[in-house]
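Here is what each chain is made of, one letter per residue.
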Amino acid sequence: MVEFLQHVINGLSLGSIYALIALGYTMVFGILQLINFAHGDVFMLGAFVGLFATRYFGFAQEPSVFALVSVMGISMVACALIGLVIERFAYRPLRRSPRINVLITAVGVSLFLEFSGQLVFGSDPKYFPQIYKPAGDWSIGELNISPLHVIVFVIALVLMSVLQYIIFRTRLGRAMRAVSFSHDLASLMGIPTDRVISYTFMLGSALAGAAGVLFGLIYPKIEPLMGVMPGLKAFIAAVFGGIGNVTGAFVGSLILGLAEGFLVGYGMPTFRDALAFSLLILILLFKPTGLLGVRRSEKV
Amino acid sequence: MRAQELTFKQKASLFVAAVALSVTAACTKKSGDTAAQGEGGKTASLNELLIGEVLSMTGSQATFGTSTHNGVDLAIKEANAAGGVKGKQLKVLTVDNQGKPDEAATAVTKLINQNQVIAILGEVASSRSLAMAPIAQANKTPMVTPSSTNPEVTAKGDYIFRVCFIDPFQGTVMAKFASDNLKLKKVAILRDVKSDYSVGLADYFAETFKKNGGEIVVDQSYSEGDVDFKAQLTAIKAKKPDGIFVPGYYTEVGLIARQARELGIKVPLMGGDGWDSPKLYEIGGDALDGTYFSNHYSAEDKSPHVQNFISKFKESYGVVPDGLAAMGYDAAKVLIDAMNRAPSLEKGAIREALAATKEYQGVTGKITIDQNRNAVKPAVVLKVEKGEFKYVSTINP
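So the sequences go chain by chain: C and A.
So in our numbering, spot 172 of the first sequence is number 172, and the numbers just go up one at a time.
So in our numbering, spot 332 of the second sequence is number 332, and the numbers just go up one at a time.
Please keep in mind that the hints were generated in silico from the structure rather than gathered at the bench.
One thing to keep in mind: the hints can contain errors.
Partial list, computed: chain A residues near chain C (C-beta under 8 Å) [to be verified]:
#: 1; residue: V217
#: 2; residue: S221
#: 3; residue: D228
#: 4; residue: K230
#: 5; residue: A231
#: 6; residue: Q232
#: 7; residue: A235
#: 8; residue: T251
#: 9; residue: L263
#: 10; residue: S393
#: 11; residue: T394
#: 12; residue: N396
Each computed DSS-like pair below joins lysine-lysine, with the alpha-carbon atoms no more than 25 Å apart [stated by the list, open to error]:
#: 13; chain 1: C; residue 1: K133; chain 2: A; residue 2: K266
#: 14; chain 1: A; residue 1: K176; chain 2: A; residue 2: K383
#: 15; chain 1: A; residue 1: K77; chain 2: A; residue 2: K347
#: 16; chain 1: A; residue 1: K186; chain 2: A; residue 2: K211
#: 17; chain 1: C; residue 1: K126; chain 2: A; residue 2: K386
#: 18; chain 1: A; residue 1: K77; chain 2: C; residue 2: K126
#: 19; chain 1: C; residue 1: K126; chain 2: A; residue 2: K279
#: 20; chain 1: A; residue 1: K86; chain 2: A; residue 2: K347
C-beta atoms are modelled at their ideal positions from N, C-alpha and C, and glycine is treated no differently.
Please put together the full structure from these sequences, using the hints given.
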């Protein structure tokens, strides 16, 4: 029983990491119908910005909540700018092209970031310093809960709520939804569509930046290709939960995390990555809109 | 003439293509700071002897490559200062394989066919040596691996040698140490299924440990590159072992140790020479205190040839050499010794001389090449304490 509960806790903590990445993925898709494959690599850049910020300000010597918050802030701002640049130079010129062109460009941007990362940072893994060390472990009997994982879970939950709020309760959110509904109609109504799309990218990339720092804190080994697998898994989680749906991305991520935890824990660790992809195939076969997705009728 | 007919758009795209090309060229040059890449199809001049070196200078096992390279470099410098081999100066061409077996195979093909090297040094990881060995054998070029411990490597043919012990021995050492010194009865195994080295070591450990009356309570696995090991560790914890054998490489081991302690697992972890890297403690931190691993040599060894090597190495590279640096040094020394003894500098003659190596006093012990072209020598067990690797015991073959 203890073992089972521990697997649940491990699965949830892994799932909340996927959730942090999946939120940005799903939001950009929801607004633009663009699968931004570079998202996992912006996540990687977020971790590296965090590393350099920590070194620059010397936070490694005195871990504190302040250090965590400032490093996350710096990384989010930097990633928002990176997102802005990517959108401006890689996606905007293709706004009127078929969707497949943008998709291929996204793959190109992703590879560009990965291998420029190898050139600039070197391909050997870097150690991510412990900028925040919560005191002690929480254990209930044999059960261990790492406070760091609880923090990540809570942050993922908070970011999801903030995102929900922005999309459904603010002017910007209304503009985003309008652009999502119809790009041309929105621009006829006087919505500055290019600016709205830029904001969407910045928001999504900032989330990836936060995820990068938290990932580094929990798994203190970062390298230029670190975004590939988590990025793909988060994408699958987003599709599983219903792509374009923020709550769906969160739920999908937790389910994927739990499923991986149980599969590995109960004897099939080599199928870890296969699981996510089988899940993708199954959901696309039987419920293409995902768990919480709704079928949108195509307007002619 | 036709160029004038190009539209502005075409010109612009041509310009972009040209810039992209030159950038690519510049990048290639930059990453090619190693001799072999920079000098393209260089072959030996009259008074030079070329030796090829294939290592993981970058990638997730970068310290394996850089440490070994420094060891080799030191040995070559010493030999050249002493007049070289048969009046010729030695020159090493290094090719980085980024930690990938297919790159290692390409590198060795290029070194032999294009650069015409007379011998190959490398690799550290067994998976990569296994990719290289058949090529060196087919071209009848002697290859000396400093630290690939998987038995299959030298079984690829009579031109493949190693100066380290093999996994059956290394696995036996840790199994003996676990049951005799640590008095463990129930041990769990966590192996890297993607690595020939890790799988071999785990199998030999299990075999000996069971023979000595111990029990393997659970055998879990992961794949190189994973970052989350909590599910495996939770399953291991549920079986309540007295110790965990983790025969992996340092990047994963650091994370494994950290997550094991987070889950409240307090029993000692044990491993092999894949742990030996300054990065191990950087990633794992104090979670590694009280863990043990087998290695080729200990920097705490007081014998003069070891201390002499350490001080020379420190002078050149500013750090205390790890086990892999010592192995690189010994591999190069054994090769140079064989070239000196060989009647000619033909590849076949060098092979004969290598096979006849007997009681060569290296930094990592007396090296004798047996009929299977493996070195027979003792292993040491080290304990991690506050970031330092403390000598615990020596176990003889």
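Do the hints match the structure? See the list:
1. V217: violated (14 Å)
2. S221: At 5 Å from the nearest chain C Cβ, S221 (chain A) passes the 8 Å test, so the hint holds.
3. D228: Holds, about 6 Å.
4. K230: holds (4 Å)
5. A231: This hint holds: A231 (chain A) lies near chain C, its Cβ roughly 4 Å from the closest one there, short of 8 Å.
6. Q232: At 6 Å from the nearest chain C Cβ, Q232 (chain A) passes the 8 Å test, so the hint holds.
7. A235: The hint holds - A235 (chain A) has a Cβ within 8 Å of chain C, the shortest such distance being about 5 Å.
8. T251: At 5 Å from the nearest chain C Cβ, T251 (chain A) passes the 8 Å test, so the hint holds.
9. L263: Cβ of L263 (chain A) sits 5 Å from chain C, so the hint holds.
10. S393: violated (30 Å)
11. T394: Violated, about 31 Å.
12. N396: Hint on N396 (chain A): violated, closest Cβ of chain C at ~35 Å, above 8 Å.
13. C:K133 x A:K266: holds (20 Å)
14. A:K176 x A:K383: holds (15 Å)
15. A:K77 x A:K347: holds (22 Å)
16. A:K186 x A:K211: Within the cut-off at roughly 13 Å; holds.
17. C:K126 x A:K386: Holds, at roughly 20 Å.
18. A:K77 x C:K126: violated (31 Å)
19. C:K126 x A:K279: With Cα atoms ~9 Å apart, K126 (chain C) and K279 (chain A) stay inside 25 Å; holds.
20. A:K86 x A:K347: Answer holds: K86 (chain A) to K347 (chain A) is near 15 Å, not above 25 Å.
Consistency note: the structure conflicts with the earlier hints numbered 1, 10, 11, 12 and 18.
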